[in-house]
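Chain by chain, the residues:
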Amino acid sequence: MSKAIQSCNDFVIKFANVNGSGSASANDLFARSVIRMGVPVAPRNIFPSNIQGMPTWYEMRVSAAGWLGRRGGCDLMVAMNPQTWDKDVAEVDPGGYLVYDSTKELPRAKFRDDLTVLGMPLTEMCNRQYTDARQRQLFKNIMYVGALTALLNIDFAEVEKLIDEQYRGKDKLIAANIQALKLGWDYAKSHLPCPIGLRVERADMIGERIFIDGNSAAGLGAVYGGATVAAWYPITPSTSVVEAFTAYCRKYRTDPDNGRARYAIVQAEDELASIGMVIGAGWNGARAFTATSGPGISLMQEFFGLAYFAEIPAVIFDVQRGGPSTGMPTRTQQSDLLSCAYASHGDTKHVLIFPEDPYECFELGARAFDLAERLQTPVFVLLDLDIGMNDRLCRPFSWDDSHRYDRGKLMTEEALEAGRDFGRYLDVDGDGIPYRTIPGTHPTRGAYFTRGTTRNAYAKYSETGADYVYNMERLRRKFDTARSLVPAPILVAAKQPTAIGVIHYGSTSAAMNEASTLLEAQGIHADSLRVRGFPFADAVLDFVNEHEQVFVVEQNESAQLRTLLINEGEFNPKKLIRVLHYDGTPITARFISGKIAAALTERKIAPLRKQAAS
Amino acid sequence: MTYLAKPKLIRPDTPKNALGYTRRDYEGAISTLCAGCGHDSISAAIVQAAFDLDIEPHRVAKLSGIGCSSKTPDYFLGNSHGFNSVHGRMPSVLTGAALANRDLIYLGVSGDGDSASIGIGQFAHVMRRGVNMTYIVENNGVYGLTKGQFSATTDKGSKNKRGVVNTDNPIDLVGLALQLGASYVARSFSGDKEQLIPLIKGALCHRGPAFIDVISPCVTFNNHSGSTKSYDYVREHNEAVNRVEVILPRAPITAAYEPGSLRRVVQHDGSVLHLRKLAEDYDPTDRIGAMNHLHERHSLGEIVTGLLYVDSSAEDLHRHLNTVEKPLNKLGDAYLCPGSQALAALNDSLR
Chain A
1 MSKAIQSCND FVIKFANVNG SGSASANDLF ARSVIRMGVP VAPRNIFPSN
51 IQGMPTWYEM RVSAAGWLGR RGGCDLMVAM NPQTWDKDVA EVDPGGYLVY
101 DSTKELPRAK FRDDLTVLGM PLTEMCNRQY TDARQRQLFK NIMYVGALTA
151 LLNIDFAEVE KLIDEQYRGK DKLIAANIQA LKLGWDYAKS HLPCPIGLRV
201 ERADMIGERI FIDGNSAAGL GAVYGGATVA AWYPITPSTS VVEAFTAYCR
251 KYRTDPDNGR ARYAIVQAED ELASIGMVIG AGWNGARAFT ATSGPGISLM
301 QEFFGLAYFA EIPAVIFDVQ RGGPSTGMPT RTQQSDLLSC AYASHGDTKH
351 VLIFPEDPYE CFELGARAFD LAERLQTPVF VLLDLDIGMN DRLCRPFSWD
401 DSHRYDRGKL MTEEALEAGR DFGRYLDVDG DGIPYRTIPG THPTRGAYFT
451 RGTTRNAYAK YSETGADYVY NMERLRRKFD TARSLVPAPI LVAAKQPTAI
501 GVIHYGSTSA AMNEASTLLE AQGIHADSLR VRGFPFADAV LDFVNEHEQV
551 FVVEQNESAQ LRTLLINEGE FNPKKLIRVL HYDGTPITAR FISGKIAAAL
601 TERKIAPLRK QAAS
Chain B
1001 MTYLAKPKLI RPDTPKNALG YTRRDYEGAI STLCAGCGHD SISAAIVQAA
1051 FDLDIEPHRV AKLSGIGCSS KTPDYFLGNS HGFNSVHGRM PSVLTGAALA
1101 NRDLIYLGVS GDGDSASIGI GQFAHVMRRG VNMTYIVENN GVYGLTKGQF
1151 SATTDKGSKN KRGVVNTDNP IDLVGLALQL GASYVARSFS GDKEQLIPLI
1201 KGALCHRGPA FIDVISPCVT FNNHSGSTKS YDYVREHNEA VNRVEVILPR
1251 APITAAYEPG SLRRVVQHDG SVLHLRKLAE DYDPTDRIGA MNHLHERHSL
1301 GEIVTGLLYV DSSAEDLHRH LNTVEKPLNK LGDAYLCPGS QALAALNDSL
1351 R
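From first to last, the protein sequence lines are chains A and B.
So the first sequence is numbered by the numbering used here: it starts at 1 and just counts up by one.
So the second sequence is numbered by the numbering used here: it starts at 1001 and just counts up by one.
Because the hints were derived from the structure by calculation, they are not lab data.
Accuracy of the hints is not assured; some may be wrong.
Which chain B residues face chain A? A few, computed with CB under 8 Å, are given here [unchecked claim]:
id, residue
1, S1041
2, Q1048
3, N1079
4, S1085
5, A1097
6, N1160
Computed from a predicted structure; not experimentally measured.
For each residue, glycine too, the CB sits at the ideal point set by N, CA and C.
Bound conformation, chain A alone (with noise of 0.2 Å):
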């Protein structure tokens, strides 16, 4: 057998659920426990697109070193679902821990010998306590939680405090969930070995951070953006952006003279209308966005082209998920960069956003409306399910008061009245972006009459060559200023001076910090820089010059953000290494690190100094 694993804070335990039992909160209430204990986690949710009686996961992993990127593998295996038994044994490394309900007994064959098995009769336990089936259920997860708390040594206090926080002011459900928590911690105390070998030791590493997903996030920086129009669609993995937005208005934004709403939420009938609602709102001088995920940017193409040719701003929140078509809806991909930065037919291009986590998620969102007013254009967020629909550790959210709505180049009445030129499309700055009238302005100046067809620089309609292409070179000397207002790029230095250098984005950066250590590790050392924006800021294509092999790290199978970069950049295909993860999980550190080393191994690169390299 082999030896039982010891770790103190820095392990993964993973809870085997049927969805709709219920777990999702136990589970929630234990990750939040451990990080009571000033101790970093970082869960994953891995559920099936159903709504009922599937297989669901709640993977966690504990890192005193607060790495936040999925670390694979499984120390303590929770096996609540009978379905999934064999490949949840079978998944635990080796010297693991395996608990489950020992209500019906197993054949032998059932285990492996090479795990601490700790049995518990949760079913006949909750049977004895209660009578109401539902409560069977619920509490059948908090008593697992509570054996837990036994077993893992996590102060039972903190729990408890927990509860007590979650239910304030329904003392009767506070009563009954610690009562179970107490039998499930008793139960442990009693017939198991507290405490194994996994421990979380009380630790001050959790600092001012804050526990949310990314899509809340996203949600709050809209209604801290200023958005007043939100038209959706459900799909998944973005729905619970435009819910928080509904809750956060509700709590924000209701009037408090008469009750009434600061905002405006449609459900639309499909992804089209969102789409034609938001450009229609933005049109008008509203702040608007939509959320929606890969099938849903599918169907919204045609009104992007308008959007960007009639320069109308929008900002779209992408909760990215596996495609083509419906793909693999559940699960993590970063693959609508191209859809997205090039939508549409005709020459389009489209500012693109790149959050890392939930603080930029709310930080980068809510600067979101921001930029598609200075550029009057469609802005598109791209978060994707593993952001999106976990809860992250993530510093606080910061807002500067004295920061004032940048409503962009906006014809005022006064402007209009004292005769001032108004040509809707005319390049007045030199920066490629017109000014604009909002409807409504001026009795009888500065109405145009706005369209996806050719027209001059004073909105009339032409199909002359010479209109045409002003219109167009403009359009690109916009794109052009955009580079330089998009999020700048973060670039993480590595301690020697380095040829290597390694681009990525998104969610990835969780895995990616804590792969540059491992490859520190090994001798390998690289620059690596963080993109979050498209067009390209100066900074990301210089970075691409500075090295000799650029790695590319995407959660796609096309390696779409390098298309961008040669593309764009006019780089040598070569040069950029992709670094790809496609299989729906969220990318791991050890994936990555494996990935570059191997190449480095390859191509036969000395992973030392920018000397030896060369």
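Put chain B on the given structure of chain A with help from the hints.
For chain B alone, kept in the frame of chain A given last:
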């Protein structure tokens, strides 16, 4: 189609409305449609209606999709903002615009291809959602810009220019609008401005989705014998249920009618619709009755026109959403941004 711009000079005796605007102030660019196109008559009717109602031009937003009809907003209300969007999607763009600013008057102009084919989904949903708008379909039963294909409102048995008979069943947008909850439903004919202008005026004053199906013959592709949307055919089969007159709240009522022949409907904005009965026992406040009447007459080959249904107490989308009175696009930072203090409290709840 005319290539000659009208003179800019305005004679001193040119009639002006209460705001001091002349009819010319409500006109737009010169039409590029075919000479005799029914759509141009509808544009003229819209100009007259806006002039008569003393509407400030910049208080109107005119939106359209794609097609001959959707080009027309360029040809009327030149001082109003317009948006020629994408094919079949005017309703969603207009909905968003209406959400952004509840104070403007929204006029959606569409065609039978734009609304009954590619855009039938959005047509349906804008009606059932109760968007406060006037939705005019310039219905010629044919695709003009692509040269004469049948549309979804072409009657079964109607012939195209080459003699091919349409075998598909037609979509009746009026029937759909009634069923989907439009609160002002009318049908008219581009060749009957006496009927059309008041219907447009009533729609512009109405709160809620007001739908007008205007049969508007296509002189180039659908005005031949055998077509059920030609000038001659529509004139012969037009059966109006009533005649409407719109009385603004400030206007004194001068006309006298025989008792019993007139029905008064007071709309939300105070305007009064005077409905002079033409058809026996037709009740324009009875939705089910209107639908039955339509079906009965259609089976007899008649084209029922007039104000077919009106509900002057209908609620609109903004009421359903309980939005504030002030237009959302005019709410300043202080009304929208909860600020750093609220954020600090929220952060605390996430630890």
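(message) A closest beta-carbon separation below 8 Å is what the hint needs, so does Q1048(B) meet it against chain A?
(response) Violated - the Cβ of Q1048(B) stays beyond 8 Å from chain A, reaching only about 19 Å at its closest.
(request) Classify the hint on A1097(B) as holds or violated, based on whether any CB of chain A lies nearer than 8 Å to its CB. (result) holds, 4 Å
(request) Closer than 8 Å between Cβ atoms is the bar; does N1160(B) clear it against chain A? Give me holds or violated. (result) violated, 28 Å
(message) Less than 8 Å between beta-carbons is the criterion; does S1085(B) satisfy it with respect to chain A?
(response) Because about 6 Å separates S1085(B) from the closest Cβ in chain A, which is inside the 8 Å limit, the hint holds.
(message) Given N1079(B) as an interface hint, is its Cβ closer than 8 Å to any Cβ of chain A?
(response) Holds - the Cβ of N1079(B) comes within 8 Å of chain A, reaching about 5 Å at its closest.
(message) Is the interface hint satisfied for S1041(B)? The criterion is a beta-carbon contact with chain A at less than 8 Å.
(response) violated, 21 Å
Comparing the model with each earlier hint shows violations of hints 1, 2 and 6; every other hint is respected.
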